[in-house]
Each structure stands twice: as structure tokens, then as C-alpha cells.
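Residue numbers (my numbering), protein chains in the order written: chain V, 1 to 238; chain B, 1 to 84.
These aren't lab readings, by the way, just hints derived from the structure by calculation. Incorrect hints may have been included.
Okay, derived cross-link-like pairs now, DSS-like style, lysine-lysine, Cα gap no bigger than 30 angstroms in a straight line [unchecked claim]: (1) V/K35 to B/K50; (2) B/K43 to V/K109; (3) B/K43 to V/K35.
Chain residues, written in single-letter form:
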Amino acid sequence: MRRVAVVVFPGSNCDTDTVAAARLGGSDAYFVWHKSTDLQRADVVILPGGFSYGDYLRSGAIARFSPVMAAVAAHARAGGPVLGICNGFQILCEAGLLPGGLMRNAGRKFLSRPVRVRVEATDTPFTHLYERGEELTIPIAHGDGRYVADRALVQELEAEGRVVLRHVDDNPNGSTAGIAGVTNAARNVVGIMPHPERRNARPLGGEDGARFFLSMEAPHATQPAGAVRAADDRHLRV
Amino acid sequence: MSAFRVEVRVMPRATLLDPQGQAIEHALQTLGFSDVGAVRMGKHLVLEVKANTRDEAAARARAMCDRLLANPVTEDYQVAVESA
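Make a model of the complete structure from these sequences and hints.
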């Protein structure tokens, strides 16, 4: 049973759902207030969705300096799995733990609806129970979900297989290359805009998000990324 | 040491889509301002910075921009020290 710390910032609003989803996945999940500097021996850290600090200045810009973030960065540097969902993804980008940035949706509207995404990287601690190329229906709920990356970064992400989720059918927020989730070079930090905790059980309309949480519990979840890294452009399902 | 009024202008990078600017441009054109184009929207921050010189105040404000006020991936900024 993994210890999963779900960080609560002022303005987080998916923290309770995220803890529930992680517990349903079999984890020992608990809340950590953003002013704490102690992750309580966490195996996995999740930054949940919401509107930390009211999205003032930029989404995630102020939360990234919360006291807990030094511990999150240290956990990430040590190879510990970190998942950022929606606002958590924005915070990870602002903190420089993931590349790129998230800007206002191209169509300006706040979007809250299920979308179709394709799993493109299964060699991460949060996606290895999915099949590569599998398409999922998972809700998004964001105003600032347009992933922005310059040409060089997009080439790097594509070449290294670091696009974790990509929109299919349409590109609701105008993200570069339809990107809906990425991972870092070490593949232990993952950020996604869709909310798997809102689609992890049949009463919620489907179970497509459940394996993000089940993956954390699987034996390889906290193994160093190199051990589950795909070779020869073949992503291994472990 | 004196207090300098520093104005910081943060703009979305010129090469990136600015949907807010587009919406404003469209609204202006709807209102009959057909002569308007290329509207972009950014942020204007006014700070009071204690420093010994104007240059020092500007350097501190740039450090604030690099650290927090602007996102180096998506935004550009300009700093102007207005007065002592």
C-alpha cells in the first residue's frame, strides 16, 4: 500500500475526490496542507485540481512558492512519483518540474465536459496499466488548459515519447500538438489536464480514469524510471 | 535609500495566441471601431521598491519578474522606474 500525499492549497477543490480515488485504487492516501514542509514519508505526491490562490497572477504561479513545494521538488528530484492534475499540472509547469506552460483556452470559454484523449506514454508511474494508443473518455474542467511549448520543446517531447495524453477528435483548448499531458525527462513527474478522479467508477459515468490510481499501487510504480523505460521505440507494458 | 515607483508591463509572448486580446478586438469592431486591429492584452503592475538608485530599483524589479511576475515560457516583460 503506497502512501499518497494529496497537497491541499488554498483554493484546491478536487483534493477530496483525489484522495477518494487514490483510496479506491488501494492507496493509503491523506491530505497535506500546503504550509507543511513534511510529506509524511509519501511514496507518491499528487497536486490536485482547483484554483489555488484564485489563479491570481497566473494559474499556479503563487502556489508554486508554497512551503510544501520545496519538499515536492526534493521528492521529484529523488525520483519519487509526482502527479499534477489540472491546477496541479499548472503548478508543476510554473515550478519548472515540467516543461512548457498553460495559457487561456483558445476559445476563451471555461470548458467542463468529458473529452477523448489517447494514452501515448505508458512508461510512467501513473499510466503503465494502460495500453499505449488506448483512447479514454475523461472530463476536463479548465479555463487555462492550452498547453504551450515552442517548436524545440515539442520536438523533444515527441522524440522522447514524453507526451502522456493527447486530445483526439478535437483539440478543445487549442493546445500545441493537442497535448493534454506530459512527463519530465526522468518520467517520474506527470502533469495532465483531464481529471481521472472524476471518472474512476461506473456511477461517475465510466472507469477510464481509474488506472491512473491503480498504476500507483502496481509493483513497478515507484521503481526508478529507467527500469520501466521503453527500448527501441517499443513501450513496454509492465 | 528611497522608494521608487516601478511600473511593470507583462505581455503574452508575441508569437502566442492571445484569445483575450482577440475577444476585445472583436468587441471593439462590433462597437464600430473598425480602425482597430492587433489588440493584445497583458498586465500592468505598479510597485514601490526601496533602493539606493534607479538602476538598483530596476534590477530588483527585473529579479521579481524573473522569479514571479512573468512566466519566462509564455510572457515578456518591461520594467520602467517612474520616480523616486
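Each hint tested on the structure:
1. V/K35 to B/K50: holds (29 angstroms)
2. B/K43 to V/K109: holds (20 angstroms)
3. B/K43 to V/K35: Holds - the C-alpha atoms of V/K35 and B/K43 are around 28 angstroms apart, at most 30 angstroms.
Checked against the numbered hints above, the structure breaks none of them.
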